[in-house]
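*Asks:* This is what each chain is made of:
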Amino acid sequence: MAEDTTGPILKTPLHAEHVALGARMVPFAGYDMPVQYPSGIIAEHNHTRSAAGLFDVSHMGQAFLAADDHLSVASALESLIPADIINLGRGRQRYSQLLNEDGGVVDDLMVVRSPDPEDDGVLGLVVNASRKAIDFALIEERLAGRARLTVDADRALLALQGPQAAAVMAALCHEAAGLPFMGAGTGLVAGIEAGYTRSGYTGEDGYEISVKHDHAVALWRRLLDDPRVKPIGLGARDSLRLEGGLCLYGHELDETTSPVEANLTWSIQKRRRPEGGFPGAERLQREWAQGPARIRIGLIPEGRSPVREGAAIRDSDGKAVGIVTSGGFGPTIGGPIAMGYVPPALAAPGTPLFLDLRGKDVQAKVAALPFTPSRFHRG
Amino acid sequence: MATIRFTKDHEYVSVDGDIATVGITDYAQSQLGDVVYVELPTAGKTLKQGDEAAVVESVKAASEVYAPVSGTVVEINAGLPDSPSDVNEDPLGKGWFLKLRLANPAELDALMDEAAYQAHIGA
Chain A
515 MAEDTTGPIL
525 KTPLHAEHVA
535 LGARMVPFAG
545 YDMPVQYPSG
555 IIAEHNHTRS
565 AAGLFDVSHM
575 GQAFLAADDH
585 LSVASALESL
595 IPADIINLGR
605 GRQRYSQLLN
615 EDGGVVDDLM
625 VVRSPDPEDD
635 GVLGLVVNAS
645 RKAIDFALIE
655 ERLAGRARLT
665 VDADRALLAL
675 QGPQAAAVMA
685 ALCHEAAGLP
695 FMGAGTGLVA
705 GIEAGYTRSG
715 YTGEDGYEIS
725 VKHDHAVALW
735 RRLLDDPRVK
745 PIGLGARDSL
755 RLEGGLCLYG
765 HELDETTSPV
775 EANLTWSIQK
785 RRRPEGGFPG
795 AERLQREWAQ
805 GPARIRIGLI
815 PEGRSPVREG
825 AAIRDSDGKA
835 VGIVTSGGFG
845 PTIGGPIAMG
855 YVPPALAAPG
865 TPLFLDLRGK
875 DVQAKVAALP
885 FTPSRFHRG
Chain B
52 MATIRFTKDH
62 EYVSVDGDIA
72 TVGITDYAQS
82 QLGDVVYVEL
92 PTAGKTLKQG
102 DEAAVVESVK
112 AASEVYAPVS
122 GTVVEINAGL
132 PDSPSDVNED
142 PLGKGWFLKL
152 RLANPAELDA
162 LMDEAAYQAH
172 IGA
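In order, the protein sequences belong to chains A and B.
According to my numbering, the residues represented by the first sequence are 515 to 893, in order.
According to my numbering, the residues represented by the second sequence are 52 to 174, in order.
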């Protein structure tokens with residue numbers, strides 16, 4: 515699980531900033547990370563939905579994959595992931611999944627192509643903290659001789675998310691304001707050399723900004739100088755992504771779950787579906803043709819009590835039909851929400867199901883995802 | 052005059068005669084973070100010391116609250132499920148959970164007084 519830790523606890527370059535802000539620090543994926551600041555998870559969640567939240571996601575893994583030209587590096591990476599990377603344009607980013615031979619998800623990741631033609635042949639990768647050692651070993655082994663992986667352990671990653679993120683960013687980097695959703699840029703942000711993308715994991719418009727460790731504190735403070743920006747911990751990051759209907763590795767995604775089951779077919783571009791050429795393609799193609807055995811859904815439990823990860827999902831006959839993979843309280847929804855897996859026949863929004871809450875059945879309805887409308891930048 | 056006692060699991064018992072008001076401490080609410088739901092027992096239920104008495108749901112997780120002393124539930128804070136933030140804002144006041152009629156007042160002797168509890172949480 516993502517919370518497992520072995521060996522000494524790691525710190526991001528912003529650790530002392532979190533402590534100085536009064537954050538409660540918890541171990542997460544081997545790092546000592548802020549779960550919340552003194553204002554609390556609900557206030558942080560609501561601030562991100564109404565203004566702009568700043569997240570330290572420096573624990574995530576950043577790396578570069580390089581070969582002689584774009585076609586070479588993209589072809590190499592496409593042998594491990596199902597997204598179309600060959601046709602990924604300059605200055606664009608794509609979400610995808612590293613797959614195992616059974617079509618299960620080793621990790622989900624972002625693939626970035628620089629806007630600069632001189633960077634052709636290089637792709638940036640951003641992977642989950644809890645999986646980075648596994649991912650990087652797999653990529654190095656499987657792509658040996660085709661592409662070179664350089665792990666960039668000297669970079670911090672800051673996420674600025676919310677409806678005012680673009681206005682905040684525009685004051686620090688004029689070019690970033692014009693970036694489309696899932697666009698990528700490089701240049702100065704508040705005078706600091708950075709790579710940035712218009713993306714995030716909250717369902718809001720926003721940016722992820724990668725800078726060298728030495729510059730992380732300066733950028734963090736500069737962003738927090740803006741009164742519209744407040745620091746947001748991992749607690750609200752989780753409630754925001756859950757309302758946004760977004761998968762979290764170790765919860766919705768694991769090595770047994772295919773991207774088709776996870777309802778991530780949208781992230782697999784059409785060219786790759788019949789072509790295959792990625793691990794587990796036979797399984798995914800079979801699931802597209804015949805339907806998967808189970809599919810990810812949203813759930814709204816009745817009443818006020820959250821239903822947590824691991825709770826059994828039962829049908830109206832009391833038969834176990836699935837399991838809750840994430841469950842909690844959605845501050846914007848104002849009540850409990852969950853995600854889980856059930857057979858496709860039970861996946862239509864409005865389908866009544868029952869969730870186990872401490873031995874009692876709680877009625878729930880299948881809900882369309884996301885729970886809160888995504889407000890990614892369109893333009 | 053009420054006497055207040057504390058458990059190492061951060062519950063409090065405020066005793067007035069043979070009635071004990073039970074809740075969680077300010078330290079407990081600060082550790083849990085925003086409380087979003089409290090599941091309470093029904094009045095009339097008999098609890099032995101250490102039995103699960105209630106469940107507090109924060110944004111992050113569910114936490115069990117154990118009966119600090121044995122007794123019969125004579126009243127619950129019926130407004131709490133609709134106003135769970137009372138637990139954060141006023142844990143020893145409006146955020147109380149339930150009242151027990153004490154079955155064995157001698158159990159109180161093994162609980163911590165205010166000074167011992169403050170030492171327990173390292174305050």
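Don't read these hints as lab results, they were simulated from the structure.
All values derive from a computational prediction rather than experimental measurement.
Careful: at least some of the hints might be erroneous.
Computed list of lysine-lysine pairs in DSBU-like fashion (alpha-carbon distance at most 30 angstroms, straight line) [to be verified]: (1) K150/B <-> K59/B; (2) K874/A <-> K96/B; (3) K145/B <-> K59/B; (4) K784/A <-> K525/A; (5) K744/A <-> K726/A; (6) K525/A <-> K96/B; (7) K874/A <-> K99/B; (8) K525/A <-> K99/B; (9) K145/B <-> K874/A; (10) K874/A <-> K833/A; (11) K96/B <-> K145/B.
*Asks:* Compare the structure with each hint and give your call.
*Replies:* Results for each hint:
1. K150/B <-> K59/B: Judged against 30 angstroms, a Cα distance of about 19 angstroms means the pair holds.
2. K874/A <-> K96/B: 18 angstroms, holds
3. K145/B <-> K59/B: Holds. K145/B to K59/B sits at ~22 angstroms (cutoff 30 angstroms).
4. K784/A <-> K525/A: With Cα atoms ~41 angstroms apart, K784/A and K525/A exceed 30 angstroms; violated.
5. K744/A <-> K726/A: 22 angstroms, holds
6. K525/A <-> K96/B: Given that 30 angstroms is the threshold and the Cα spacing comes to 48 angstroms, the pair is violated.
7. K874/A <-> K99/B: Holds. K874/A to K99/B sits at ~22 angstroms (cutoff 30 angstroms).
8. K525/A <-> K99/B: 44 angstroms, violated
9. K145/B <-> K874/A: 28 angstroms, holds
10. K874/A <-> K833/A: 14 angstroms, holds
11. K96/B <-> K145/B: 22 angstroms, holds
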